[in-house]
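Novice: These protein sequence lines are chains A and B, in that order.
Anchor point for the first sequence: position 226 equals 253 in our numbering, and the numbering is continuous, going up by one each time.
Anchor point for the second sequence: position 73 equals 72 in our numbering, and the numbering is continuous, going up by one each time.
Heads up, some of the hints might be wrong.
[To be verified] If the Cβ cut is set under 10 Å, some of the chain B residues that face chain A in the computed set are:
1) Y17
2) G18
3) D36
4) A63
5) D66
6) P68
7) P69
8) G104
9) L115
10) A117
11) P119
12) P150
13) T151
14) A153
15) P175
Treat the hints as calculated values from the structure; they're not laboratory data.
Glycine residues also receive a C-beta, built at the ideal position from the N, C-alpha and C atoms.
One letter stands for each residue in the lines below.
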Amino acid sequence: MSTQLQTSTPSTTEPSGNGGGAGRPPDDVSLGAWLRALPGRINRAIYRQAPEVFDNVKLLPYNLYKSIYRTTAFPKTERERSEAFFNSFLLHIQPAKIEKHALRFTYTFGLGLLSFYLFLILTVTGILLMFFYVPSTEDAYNRMLDLRSAVSFGMVMRGMHFWSANAMIGVVFFHMCRVFYTGAYKPPREFNWVIGVLLFVLTLVLGFTGYLLPWDQLAFWAITVGANIAGKADFISTQLASLGLPDYHFGVISKNILLGGDTVGQEALLRFYVLHVALLPSILGVLIVGHFWRIRKDGGISSPKESPE
Amino acid sequence: MKRVREEEIFPRNPNKTYGLMELVKGSSPRVDRGPDDMVSSWPHLLIREAILFAACFTVILALAVFDQPPLDKPADPTKPPNPAKAPWYFLGLQELVSYDAFWGGLGIPGILIIALMAIPYFDRHHSGIGRWFAKSRTTACFLFTVLFVIPTIALIIIGTYFRGPNWGFYSPWNMPLEPQTVLPFIN
Numbered sequence: 028m029s030t031q032l033q034t035s036t037p038s039t040t041e042p043s044g045n046g047g048g049a050g051r052p053p054d055d056v057s058l059g060a061w062l063r064a065l066p067g068r069i070n071r072a073i074y075r076q077a078p079e080v081f082d083n084v085k086l087l088p089y090n091l092y093k094s095i096y097r098t099t100a101f102p103k104t105e106r107e108r109s110e111a112f113f114n115s116f117l118l119h120i121q122p123a124k125i126e127k128h129a130l131r132f133t134y135t136f137g138l139g140l141l142s143f144y145l146f147l148i149l150t151v152t153g154i155l156l157m158f159f160y161v162p163s164t165e166d167a168y169n170r171m172l173d174l175r176s177a178v179s180f181g182m183v184m185r186g187m188h189f190w191s192a193n194a195m196i197g198v199v200f201f202h203m204c205r206v207f208y209t210g211a212y213k214p215p216r217e218f219n220w221v222i223g224v225l226l227f228v229l230t231l232v233l234g235f236t237g238y239l240l241p242w243d244q245l246a247f248w249a250i251t252v253g254a255n256i257a258g259k260a261d262f263i264s265t266q267l268a269s270l271g272l273p274d275y276h277f278g279v280i281s282k283n284i285l286l287g288g289d290t291v292g293q294e295a296l297l298r299f300y301v302l303h304v305a306l307l308p309s310i311l312g313v314l315i316v317g318h319f320w321r322i323r324k325d326g327g328i329s330s331p332k333e334s335p336e
Numbered sequence: 000m001k002r003v004r005e006e007e008i009f010p011r012n013p014n015k016t017y018g019l020m021e022l023v024k025g026s027s028p029r030v031d032r033g034p035d036d037m038v039s040s041w042p043h044l045l046i047r048e049a050i051l052f053a054a055c056f057t058v059i060l061a062l063a064v065f066d067q068p069p070l071d072k073p074a075d076p077t078k079p080p081n082p083a084k085a086p087w088y089f090l091g092l093q094e095l096v097s098y099d100a101f102w103g104g105l106g107i108p109g110i111l112i113i114a115l116m117a118i119p120y121f122d123r124h125h126s127g128i129g130r131w132f133a134k135s136r137t138t139a140c141f142l143f144t145v146l147f148v149i150p151t152i153a154l155i156i157i158g159t160y161f162r163g164p165n166w167g168f169y170s171p172w173n174m175p176l177e178p179q180t181v182l183p184f185i186n
């Protein structure tokens, strides 16, 4: 069988669809003949396709860039500048054209964007800190000491997280003041103001839940004081009880939900940890996206053109 | 505005979903300046945002390097400090709690948050938008400042700097350095 087929040349028996020299030899061709013809075929393939491949190598950086981002990196015309914004996933939430008034630093002091930037820094440093933290009353404090001595840049991470958190509370507060004093909450922006108030409250709660995590004296007693404030809800149930209803002890219930017990302990630390690293940041993130979306839907940031003085 | 008979000058193309509606007098399209004082977000907005981020990051990094966050002794439920203080942003609340437990800690803050959210549904007049302290909004600005901004800041300052052992009132330069831990006072 094999001697009979050895006489036929590989090029004629080769199926037309099997060009290019790749793959195993066809069944009706001996391996020796196929191998002997292989260099020639590879040679032909290279001659045929090399110029194109060579061009593709040269154009690789450009093609790679174009496949990810379809707009020029240095837009010059108005059209390209607009495309730079609405073709970009990260930028398209912002308008391609913006009123000059909105760019004045003394109008917004950049406070809204600043609080978002602080949130980003908090997210990144917070995730890094999660690699070194254990929410356990036995380990937590030692982990804080490790950040000082054993972890590379541990104190820079913790410091940036600490300062961003404190700054964010102040910045969000002053952002709220800016929005009020410039009348930027008026229709159609009412609901975005409501979202903003919720974001302010959530920022405070996030700060509060994070405050316990170092598990030092400062943290422990601050959370004890804070949780005792939640316990004051007993006032409502006592008032209701005086009207003849059963006493539900709202304060005891809310304090127990918050701490997982009567006092600040392991359960409270675990609860605050989960709230701080997972639940509250997720809610905050969703509300931030909603906040930004509403800015666009309500016609960008407020402008004096919207109302006569 | 004078209408132009567009049908004759610009015949309607059935393949297009848009068409010329009207010709109006005016200098638009202008060069280098869009209508309504609009500019391209690229680069005018983007460069400002980039600078703001660089500044924000630099300040936070500098603070982290040169002023490290506090770390007290390990938590000890048997040794309460006097006074035990909440985080600084809740010291206004703690100050209110020292006057009345329920109304200070939950009643007033709860009403305040609901009141804040209700503002735009009651102050709906379209005046003074987009200006700082517009003249037509003097009353609103005054009320917001007196009822919210000043009390918030003042109570936090009092709670932070003027409250010592047993939540007693001390001036910052007269604050007892070694707080007595005999009579813990926790709200």
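Novice: Does each hint hold? Answer for all of them.
Specialist: These are the hints, each one checked on the structure:
1. Y17: violated, 18 Å
2. G18: violated, 22 Å
3. D36: holds, 5 Å
4. A63: Holds, because the Cβ-Cβ distance from B:A63 to chain A comes to roughly 3 Å (cut-off 10 Å).
5. D66: holds, 8 Å
6. P68: holds, 4 Å
7. P69: Hint on B:P69: holds, closest Cβ of chain A at ~6 Å, below 10 Å.
8. G104: At 4 Å from the nearest chain A Cβ, B:G104 passes the 10 Å test, so the hint holds.
9. L115: holds, 5 Å
10. A117: This hint holds: B:A117 lies near chain A, its Cβ roughly 9 Å from the closest one there, short of 10 Å.
11. P119: holds, 4 Å
12. P150: With Cβ-Cβ at 13 Å, over 10 Å, it is violated.
13. T151: holds, 7 Å
14. A153: Status violated, d = 14 Å.
15. P175: It is violated, given that the least Cβ distance between B:P175 and chain A is near 17 Å, above 10 Å.
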